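A.B. asks: Chains as they are written, first to last, in UniProt numbering: chain A, 1 to 103; chain U, 1 to 103.
In short, the hints are calculated from the structure, not lab data.
Bear in mind that the values here come from a model prediction, so they are computed numbers and not experimental data.
Each hint should be verified, as a subset may be incorrect.
No distinction is drawn between identical chains; accordingly, a pair holds when it is met within one copy or between any pair of copies.
What the hints assert, rightly or not - The list that follows gives simulated cross-link-like pairs (lysine-lysine, BS3-like), each with its CA atoms no further than 27 Å apart:
hint, residue 1, residue 2
1, LYS3, LYS43
2, LYS15, LYS38
3, LYS38, LYS59
4, LYS15, LYS3
5, LYS15, LYS59
6, LYS38, LYS3
Listed below, chain by chain, are the residues.
2 protein chains.
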Amino acid sequence: MEKIFQALSSTVRRKILAYLSGGSMTAGEIAERFEISKPSLSKHLNILENAELVRREKKGQFIHYSLVQENLANTLNGFIQEVCPVSRPLKKESAEKASQRKA
Amino acid sequence: MEKIFQALSSTVRRKILAYLSGGSMTAGEIAERFEISKPSLSKHLNILENAELVRREKKGQFIHYSLVQENLANTLNGFIQEVCPVSRPLKKESAEKASQRKA
DNA sequence: TAGGTAATTAGTCAATTAGCTAATTATAGG
DNA sequence: CCTATAATTAGCTAATTGACTAATTACCTA
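Build out the structure end to end from the sequences listed, making use of the hints.
C.D. replies: Next up, the structure:
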């Protein structure tokens, strides 16, 4: 939980997860999409793996990274339930704002 | 979005949100529940307010803090949708793990 | 208006983070 | 076996974070 929220606090790492939601990619393919050095990206990938948000699989010379969807979804949904429990519905005012924004 | 995930990366701040899910509290009431100094807590509250996850309302000598549920729920749900889209359902293996854990 | 309480702001400091370059590891292929 | 490629680890630095104490602001009440 701590590790997961920590991992999600970086824009780079959230973007990596978004890329991986389209299918697994090698470290190099991910690196191409960012303007930071490969070692820096490697660190980000380490943090994501350590939080069990991605899985790493070595295939010959390449390392393929893929998303671990259920950890992400379970943690975030769990937190939403804890802080915004369904048993305690939104107040009218809040509900209105929520439907206005929808983003 | 950036501010919200940044705000959520601290255990202290996530706990504050959890407390506030039970109803609004003054800064002092929140401070009682932690072992850190009031100024440190004040900073955390500032970060949460800046991320628009809590609202501050002054009543005489006291400042009442309350949760802004819809911002939290909208942002987290939006991110889950982006990274774990329903149109791309979980693979069998992943779905099994997810149901095993449930935490 | 003086004293007390609630809370924040200011300023300092140690620890962490995020980036970089250089070096290392591991694999593929001539 | 040697070279090239993919990626990581090691080591460094600047910037940020999170804690503290001291000082300030704001409000209440005698």
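A.B. asks: How would you classify LYS15 and LYS3 at a CA-CA limit of 27 Å: within, between, both, or neither?
C.D. replies: Cα proximity of LYS15 and LYS3: in one copy and across copies (17 Å, 15 Å).
A.B. asks: With identical chains treated as interchangeable, where does the CA-CA distance between LYS38 and LYS59 reach 27 Å or less: within a copy, between copies, both, or neither?
C.D. replies: Within one copy, since 19 Å is at most 27 Å while 52 Å is not.
A.B. asks: Pop the pair LYS15 and LYS38 into one bin, within, between, both or neither, using alpha-carbon distances up to 27 Å.
C.D. replies: within (15 Å within a copy, 35 Å between copies)
A.B. asks: Can you tell me if LYS3 and LYS43 fall within 27 Å by alpha carbon in one copy, between copies, both or neither?
C.D. replies: both (14 Å within a copy, 22 Å between copies)
A.B. asks: Measure nothing new, just compare the shortest in-copy and cross-copy C-alpha distances for LYS38 and LYS3 to 27 Å and report within, between, both or neither.
C.D. replies: both (22 Å within a copy, 26 Å between copies)
A.B. asks: Taking 27 Å as the upper bound on the Cα-Cα distance, should LYS15 and LYS59 be classified as within, between, both, or neither?
C.D. replies: Classified as within: same-chain Cα gap 24 Å, cross-chain 42 Å, threshold 27 Å.
Violated hints are absent here; each numbered hint is respected by the structure.
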